[in-house]
Amino acid sequence: MAHAQESSSDQTVKVRLIGPNGSLTEPMVVPRIQKTAAEWRKQLTPEQYEIARGQGTEPAFCGTLLDNHREGIYHCVCCGLPLFASDAKFNSGTGWPSFFQPVAKENVLCRDDNSFGMHRTEILCARCGAHLGHVFDDGPPPTGLRFCLNSAALTFIDKGKEVPEGAHSAQAK
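Going by this note's numbering, the sequence shown opens with residue 1, and the numbers climb by one from there.
Each hint can be trusted.
What follows is a list of derived Cβ distance ranges for each label pair:
| hint | residue 1 | residue 2 | range |
| --- | --- | --- | --- |
| 1 | Q11 | A37 | 17 to 25 Å |
| 2 | G22 | R120 | 29 to 37 Å |
| 3 | D113 | T45 | 20 to 28 Å |
| 4 | F116 | D137 | 13 to 21 Å |
| 5 | V29 | F61 | 36 to 44 Å |
| 6 | F90 | Q55 | 18 to 26 Å |
In the DSS-like style, the derived pairs of lysine-lysine whose C-alpha atoms are separated by at most 25 Å in a straight line are:
| hint | residue 1 | residue 2 |
| --- | --- | --- |
| 7 | K105 | K35 |
| 8 | K161 | K89 |
| 9 | K14 | K105 |
| 10 | K14 | K35 |
| 11 | K161 | K105 |
| 12 | K159 | K89 |
| 13 | K105 | K89 |
| 14 | K159 | K105 |
Just so you know, the hints here were simulated from the structure itself, not pulled from any lab data. If you're wondering where the values come from, they're calculated on a predicted model, not measured in any experiment. Every residue gets a Cβ at the ideal spot worked out from N, C-alpha and C, and that includes glycine.
Based on the provided sequences and hints, a complete structural model is requested.
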């Protein structure tokens with residue numbers, strides 16, 4: 001499973017951002033995004049807050065990005081970190097957007113989730129800790145992984161469009 005590489009400080013994290021040419025940068029240390037619950041509630045819709053900050057799960061087959069087939073990048077709805085690319089998306093038949101790998105292993109953090117009497121691996125945004133979904137080992141080649149995500153935890157940016165604040169390396173300084 002993919003695990004984020006944390007830097008030596010709790011205030012920073014090592015991730016890959018979008019460079020000036022539109023491709024991913026080398027891993028770089030950036031500030032960890034930390035906000036209060038009130039600040040997150042002000043920034044996010046109630047559904048986004050419940051999913052991304054409250055570890056919720058949207059109903060199957062209801063997410064706005066499930067049937068998105070456009071070319072681009074899926075970013076964290078909370079902090080804009082690039083997370084998954086459209087070329088890694090596949091139809092898992094589970095009712096949630098599914099990917100076989102993140103854009104960079106540094107950008108996704110995995111941790112054990114034993115809630116509801118199940119043993120799963122939760123996936124979170126490495127920069128802000130947003131709950132994204134879960135990863136399972138029943139995906140297609142080349143990784144054999146299925147990153148099962150909540151649409152409400154993501155923002156999709158079409159290829160060639162301006163990336164969200166916080167996703168570009170020039171904004172990380």
